[in-house]
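Chemist: Put chain B on the given structure of chain A with help from the hints.
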Amino acid sequence: MQTGNVRWMSLLVIVVLLVAGCAAPVAPPAGETAAQQPAAPEGVVTLEFWGGWTGPDANTMQAIVDRYNAEHPNVRVNLSMQAWSPLFDAFIAASSAGSAPDILAMHPQELAQFVHLGLILPLDDIIANSEVIKPENYLENAWEGNKVDGKLYGVPLDLHMHGLFYNKAAFEKAGVPVPPSTPPVNRDEFMEMAKRLTIDANGKSAAEEGFDANNIVQYAINAHTNHHAFFQWWSLYNQLGGQLISEDGKSCAMDLDKAAQAWQFLQDLVYVHKVAPQGQTDYPRDFLDGRTAMLVDGPWRIPQLEQAAAESGFQWGATQYPNIFGGEFAVWGSGHNFTLPSKADPNKQAAAVAFLEWMAANSAEWAKSGQLPAFKAILESEEFQQMEGRAPFIASMPYEKLFPATPKYNEIFASNAPTPMMVMAQRIMLEAADPAAEVKTACEAISAILATP
Amino acid sequence: MRILAPAGFQARTAARKRIHWTPFLFLAPYLFLFVSLRLLPSLIGLTISFTNWSAVGVPQWVGLANYQALFIDPRFRDALTNTVIFTAMAVPALVGLGLAFALFLNQPHQGRGLGRVAVFTPYVIMPTVVGVLWTWILEKDFGLLNVLLGRQIPWLVSPSWAMLGLVLAAVWSMVGYNTVLFLAGLQDIPAELYEAARIDGAGAWRSFWSLTLPLLAPTAFLVLMLTIINTFQVFDLVYVMTSGGPGTSTLTMVQYVYTTAFQFFKFGYGSAVAMVMFVILVIVALIQTRAYRRGLESIY
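In order, the protein sequences belong to chains A and B.
Position 162, counted from 1, in the first sequence is what our numbering calls 162; the numbers after and before it change by one each time, with no gaps.
Quick note, our numbering runs 453 ahead of the 1-based positions in the second sequence.
Pulled out of the complex, with its shape left as it was, chain A reads as follows (with noise of 0.2 angstroms):
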């Protein structure tokens, strides 16, 4: 062979790597509904909107979305879908690349550190001339919630809240009459259920003589031992007023005698009144096949538990988070928003902002995913305040406590990585490492990560 065909070959060789190298197109975040868009005819907007929804809501979402474009010729809205926290990431990577999406989903208390970063529009100017997009239509929470600063960043789409779920058949058969979904149960009332659903194998329950311990079939409630747990000390906290982050945002201003004795309270009930499961891990299929009587959720498990009832006649109720401490009743709550992360493309931004005003106008649809509309005229409907198990957390929509927008709040709270509240939470959880002395670390923790610039 000539040594001439050998060099042209292997160029060839290398040019096709090449090109095959540099051809393969930067991946778009979500895999099929991104496939399955066909490019858009000329003429028409379109609008790249991400969002991290991944269970039934997803499908919800997607169908409001493709109800949009259908009735909308003009624009076609783009939904890319995947878990929260890789979103993040590709949201990240895309912005400092150039191409960050038109509309992105979120929750409130991550907005500061995207504020932080430059990512996302302030929206009081693009808004100024809607007749839907004003604070009087929402709630008023969920407006401010989505504030950094005093500037708008987000258009709230929905809040939700920890509540108390629990089977009416399990209630019934340890005689004990379900709590009214409203107002919430006090801390007697809560003990009180709490001992009497709580059963051995030889059927006395936890309020007994002769109760053993050891041979719990059904336990009176879940014990979180993920990010839930730190979500449900924050409920107790608040009730007893507690505050987290100081004024200048620079320092924890954590109350440690009351985060601990929040967090006692939570303990307690696994290691002292073994009302709840130690290192439990999948609370609603253990509420649902009955090993626990009651389960703190949020509303986003109302469809789940529809089904359930539909498919084998599972029984259930809701009721309010329990007010344990007995002042003013306070609930950890969050929420979904709309924001705008930096685009300059004026048709785009008048676009997105027509589809937020239909969004919030249909968010009816949106609520069957068991999400609480912020806009008021939904949240207010007949038809949304008759669905089922929706009353106790309209009820507690006005006691919702959002976590401090902090530009650090990854670093602070997120659930999948070692952060402060995680390692507080598993030590004292799972650990069952002494309260004091772990807010007292966790506070620490939470200064020197605000310290820093």
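Simulated from the structure, these hints should not be mistaken for lab results.
A couple of the hints might just be wrong.
Claimed, not checked - If you want a taste of the chain A side facing chain B, the calculated C-beta under 10 angstroms gives, among others:
hint, residue
1, Ser85
2, Pro86
3, Thr225
4, Gly279
5, Gln280
6, Lys408
7, Ala414
8, Ser415
9, Asn416
10, Thr419
11, Met424
12, Gln426
13, Ala433
14, Thr452
15, Pro453
Unchecked claim - A few chain B residues that face chain A, going by a derived Cβ cut-off under 7 angstroms, partial list only:
hint, residue
16, Thr504
17, Ala508
18, Pro612
19, Ser696
20, Gly697
21, Thr701
22, Thr712
23, Phe715
24, Phe717
What the hints assert, rightly or not - Label-pair ranges, simulated between beta-carbon atoms:
hint, chain 1, residue 1, chain 2, residue 2, range
25, B, Phe731, A, Ser99, 22 to 32 angstroms
26, B, Leu490, A, Asp149, 34 to 44 angstroms
27, A, Gly98, B, Phe731, 27 to 37 angstroms
28, A, Glu140, B, Val735, 56 to 66 angstroms
29, B, Phe595, A, Gly210, 22 to 32 angstroms
30, A, Glu247, B, Val488, 46 to 56 angstroms
Here the structure is a predicted model, which is why all the values come from computation and not from measurement.
In this text, a Cβ means the ideal position worked out from N, Cα and C, and glycines have one as well.
Modeler: Showing chain B alone in chain A's frame:
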């Protein structure tokens, strides 16, 4: 075509006149990928580790500040300790079981083909899938392992068991690769040697100790080196199964790099962690290479 030039001055002047491009052309695809996907990103990473870059905006030079912070960061210490523990637990199991499976599957018996497939299959399953699978196997109340053991070990929800749970999953998914490497090593040993040993009166144990093991040493070294490097960089399984928890009990180095860079947007600090890890691995590799050379000298 003259590839092998005769040694000496004349050849060298000839080579100077005319460079042989062909070998480079064959190397080019690899070199291109190596430089663009390995070398350049590593150098960029090294540069970023001296800045406070947050993925967007202009990075500011902070000198050694990230490295100084590492020394007093309790999370970094956790990550380093956990990674060493994970490696110390997984490597002996992976190398030992890999060798044991290879010896077993090298014997002429009925289940050989099936056994080879069964041992290697987990290796080709995506780590994320392995992670989800093992999360179920290790489930406390209904997980397969606890059902088989007749106990309720809180594998992934207890800080004292979680690491062992991860090691089990890692060994299951990675041992097939080592087995294949050992098998290849075993099949490279000429059968005549065993025959000669048998004639000299050596039993099975004798030929294993005096023939198989010494002749397998180069393979074993390769396997050991790859296994240490791979386990030290464990990420996917940790990410899927525990996210470093409960608490910090399974936080590993790469998980911490990911966390600081991609979740906390501290790319400078994350890069510094990655650089420290790189240095540790280079040192380990150097020690191993040296020990290997000395070992070879003592064998031959």
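Chemist: Work down the list of hints and note, for each, if the structure agrees.
Modeler: For each hint, the structure was consulted:
Annotation: Ser85(A) was flagged as interfacial toward chain B, and the flag holds, the nearest CB pair being 7 angstroms apart, inside 10 angstroms. Evaluation of the Pro86(A) hint against chain B yields a held restraint, the C-beta minimum of about 9 angstroms falling below 10 angstroms. A cut of 10 angstroms between beta carbons decides the hint on Thr225(A): the least distance to chain B is about 6 angstroms, and the hint holds. Hint status for Gly279(A) relative to chain B: holds, with the closest Cβ pair at about 4 angstroms, below 10 angstroms.
For the restraint placing Gln280(A) at the interface with chain B, the shortest Cβ-Cβ distance is roughly 8 angstroms, inside the 10 angstroms limit, so the hint holds. A distance limit of 10 angstroms between C-beta atoms decides the matter here; for Lys408(A) the minimum to chain B is near 8 angstroms, and the interface restraint holds. With a cut of 10 angstroms, the hint placing Ala414(A) at the interface with chain B holds, because the nearest CB-to-CB distance is about 5 angstroms. For Ser415(A), the interface hint holds, since its Cβ comes within 10 angstroms of a Cβ in chain B; the closest pair sits about 8 angstroms apart.
Because the closest C-beta pair between Asn416(A) and chain B is about 4 angstroms apart, less than 10 angstroms, the hint holds. Given hint, Thr419(A) at the interface with chain B, holds; its Cβ is 9 angstroms from that chain's nearest Cβ, closer than 10 angstroms. With a least beta-carbon distance of about 9 angstroms to chain B, the hint placing Met424(A) at the interface is held under the 10 angstroms criterion. A least Cβ separation of about 4 angstroms between Gln426(A) and chain B falls short of the 10 angstroms threshold, and the interface hint therefore holds.
Taking 10 angstroms as the C-beta cut-off, the interface hint given for Ala433(A) holds, the closest approach to chain B being about 9 angstroms. The interface hint given for Thr452(A) holds, since its Cβ lies 8 angstroms from the closest Cβ of chain B, which is under the 10 angstroms cut-off. Using the Cβ-Cβ criterion of 10 angstroms, the hint placing Pro453(A) at the interface with chain B is satisfied: the shortest such distance is roughly 8 angstroms. Below 7 angstroms, beta-carbon pairs count as interface contacts, and Thr504(B) has none with chain A, the closest being about 13 angstroms; its hint is therefore violated.
Satisfaction of the interface hint for Ala508(B) is found here, the shortest Cβ-Cβ separation to chain A being roughly 5 angstroms, below the 7 angstroms cut-off. Interface restraint check: Pro612(B) against chain A, minimum CB-CB distance 6 angstroms, threshold 7 angstroms, status holds. Hint status for Ser696(B): holds, given a least beta-carbon distance of 4 angstroms to chain A, under 7 angstroms. For Gly697(B), the interface hint holds, the least distance from its beta-carbon to any beta-carbon of chain A being 5 angstroms, beneath 7 angstroms.
At its closest, the beta carbon of Thr701(B) sits 4 angstroms from a beta carbon of chain A; the interface hint therefore holds under the 7 angstroms criterion. Checking Thr712(B) against chain A: minimum C-beta separation of about 4 angstroms stays under 7 angstroms; hint holds. Hint status for Phe715(B): holds, given a least beta-carbon distance of 5 angstroms to chain A, under 7 angstroms. Nearest Cβ of chain A to the Cβ of Phe717(B): about 5 angstroms, under the 7 angstroms cut. The hint holds.
Taking 22 to 32 angstroms as the suggested C-beta distance range, the pair Phe731(B) and Ser99(A) conforms, at roughly 31 angstroms. For the hinted restraint 34 to 44 angstroms between Leu490(B) and Asp149(A), the CB-CB distance of approximately 41 angstroms keeps it satisfied. Hint check: Gly98(A) to Phe731(B), Cβ distance near 30 angstroms, so the stated range 27 to 37 angstroms holds. Glu140(A) and Val735(B) have their C-beta atoms about 58 angstroms apart, which keeps the hinted 56 to 66 angstroms range intact.
In this structure the supplied range 22 to 32 angstroms holds for Phe595(B) paired with Gly210(A), their Cβ-Cβ distance being about 29 angstroms. Roughly 51 angstroms separates the CB atoms of Glu247(A) and Val488(B), a value that falls within the hinted 46 to 56 angstroms.
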